[in-house]
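Taken in sequence, the protein lines are chains D and L.
If you're matching positions, the first sequence starts at 1 in the working numbering and goes up one per residue.
If you're matching positions, the second sequence starts at 1 in the working numbering and goes up one per residue.
Misleading hints may appear alongside valid ones.
[As the list claims (entries may be wrong)] If you want a taste of the chain L side facing chain D, the calculated C-beta under 8 Å gives, among others:
1) L49
2) M54
3) N75
4) A78
5) K82
6) L98
7) E102
8) R209
Hints are computed from structural coordinates only; laboratory data are not their basis.
Where a beta carbon is used, it is the ideal one built from N, C-alpha and C, also for glycine.
Letter by letter, the chains look like this.
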Amino acid sequence: MNLKTLIWRELFERKTQMITIVFGIFLGITTVVAIKTISHYSEKAVARELDTLGANILVLPKSATLQDYYTADMQDDVIPEEYVLRLTMSDAQGVDNLSPKLSMPIELQGRKFTLTGILPKSEFTAKAAWAGAGIFSQHIGCGAIELAGEKKDEDKQALVRKRVIETLEPNEALVGHDTATILGIKDGDKLQLKGEEFNVVAVLPETGTVDDSRIFAHLHKVQEMSGKGEVVNCIEIIGCCKEISAGLVGKINELLPDAKVVTVTQVVATQAKINSMMESLSLVFLAIIVVVGGAGVANYMYANVNERRREIGTLMALGAESNFIIKLFLTKAALLGIVGGATGFIAGTIFAITLGPRLAGVAVFPMPILAPIAVAIAVAIALVASYFPARRAATLDPCATLQEI
Amino acid sequence: MLTMENVTKRYKHRRSDVYALQDANVEIGTGEFVSIVGPSGSGKSTLLLMLGGMLSPSSGKVTLQGTSLYDLSPNERARMRKQHVGFVFQSFNLVPYLTALENVMIPLFLSGAAKEVQESRAKDLLERVGLGERLDHKPTELSIGQQQRVALARMLANDPQLILADEPTGNLDPDTSAMILDFFEQFVSEGRTIVMVTHDPRAAERARRKLRIDGGRIVEDKQDIKTRVVA
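Next comes chain L alone, as it looks inside the complex:
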């Protein structure tokens, strides 16, 4: 599904090289739920952006479903993201002047879906995350937890196979966090792949595989940390 081969990201800072990521090798299979942990500035975000085709490496190769992402043009990478990748952000990144329904319709619109299709699919997804009664609410009229659920619905709009989540529970209370992680487990059970950056140990434990990064290097790759079976 997703591979990184000898990937290095190097920045120049005051004439000296700074490595955000160094010689990273990772292979993530379809249907895996991977958490990435590590201290701030360790390279977690860099790794997630590279997997999503948003940040080109200094060297190495990143492939998504067999396609080398950074051999594609920026617009071709954008099309890959549209078709295969869903992002979940810590601060949700909902468009503030659009309603919940319209926010979920954006990826469908970008994919060229007809208006009726956009509307019916967006309604279904918002109902799935329990917001069927909040279709016409703008982000400021929703609670933090509800906003993250709108973001989840938006992420699912184009039925992505790969979900990249950055601190998805970082701004949420424990109950809402648990709810979001339950949704993630549902998505994995549907055959989707999730890569989640988190500082929350409990969230990390819900994943089946944990990558620890420190100083730009993957220092630990712990498989099958989760013992309970997801239905």
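This is chain D alone, in the form it adopts within the complex:
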């Protein structure tokens, strides 16, 4: 006989109570672990996105909102393409690439898609004056800018990651992953867009963004098809390093007073702030769950003490000291906490891995560091909630517990 046997046997004597209380702790910890795991990877994804986008800057029409840009940069307002020229001819330093874009809706096989016009890098290199000086000149600390053409199969990734394509003829198109899947398009296929025939030079890899449902063509071709003239919806600017971006924004503002200039870093930072606010809200929710769970444990323990009054009195008559009675209940509480915490961690991790990609759109992996934290929280809740019931058990009047004496 030892304390463990005494506790273990009692737990299995009242299985339903034990399962109920462990389930309560389990549910609380499952929620904590699932939310924490998903939000951790979601934050990491935002941080990674922030890092990838680096010092990107957006030039938009004054009236356009960021929401317009993120939904598919299809706002009605436009800015003149001449702004691109203004930028390239300026002495602003530290630009890796400029990407003017114009989008228009198109319908294919009864479904709506977005046709986006982009300007390939060859257009810039064709203008020798641009490449030699001005905006493409290197800033100290920035990497070299390769203006020469690269291999075509690298262009796919480049468009996805750097939003830049080396060459694109007026009759060529690039098709987003989802659009290609829906329309059954492969590399080398022909595509009819508003009466014009395009050669599909590449189907782009999946990005998980709105770009997957786009079709990209030469900017000037799209301008012609839209009938809007030499205009663009936005100009994406990739700065060569973070340090330069602050100065660059000021410079662009001076150059283009009628446009709205936003850094993507700010946008992502705002997104990260919203994520953090959501996490704080979740923590409030979790605090409520913890309090309710703790109240559940305390309630169970009080009921358990009442139910075992005679047994407690007998143990006291047999010589059990008050510390032993407290230890009996607190060890039991700790055991329930360990089981609830450990199983809650496993279930929470499984939930996070399964539901994370659907809920937050990010890949989620187990976080072993949460295992000891989950168990510690569960044990702490169980111990705190059980302390007063345990103390009550230790101070029970033995005479009242042994009524027939």
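Put chain L on the given structure of chain D with help from the hints.
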């Protein structure tokens, strides 16, 4: 062995004093077999609890082997009980989720005995009370008489010098009652002291000394009522 000096237990009930025990004086020597009789509510239970260090008196002094019980802290009294006192209850108070063997092991565990020692001593004691074949039975799998015998084995676990029994035959049939009283006589012959509260006149007659309580007072103290010699 055991003394009560001017012990009074007073309760407050609706602003008036109720005396469960009044000015009780008693001295019980080592090896005595004492029965306490009296009507319900007369103070028998109060007296037994006080002798076991479970209920502090309003005034007076209770000593066990020369130590004033209620001058000790509750935990020190618990240690005294563990070392010197064995309780037998009317409804046995076995722990329902433990086997007979485990129930007998509890006092040994509380005294810090090693697991092997607990097990071998518990087996010996259960064999002594004729339950060597029922070691792994839980209380619900035993008859009433067998449950009381498990309780006797448990009471003997720490080899107590003082046995306090509350209606030990109250729930038993005559044959089993006789068996339990035979065991009590064996314990007395081993030099233990027994104080037994009972309503059963035949059980009371088996003791060598009878205390009668009424209205919280010891009204009769009859010595050597038992004439036959216990072997």
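Could you check the structure against the hints above and give me the numbers of any it violates, in ascending order? 8
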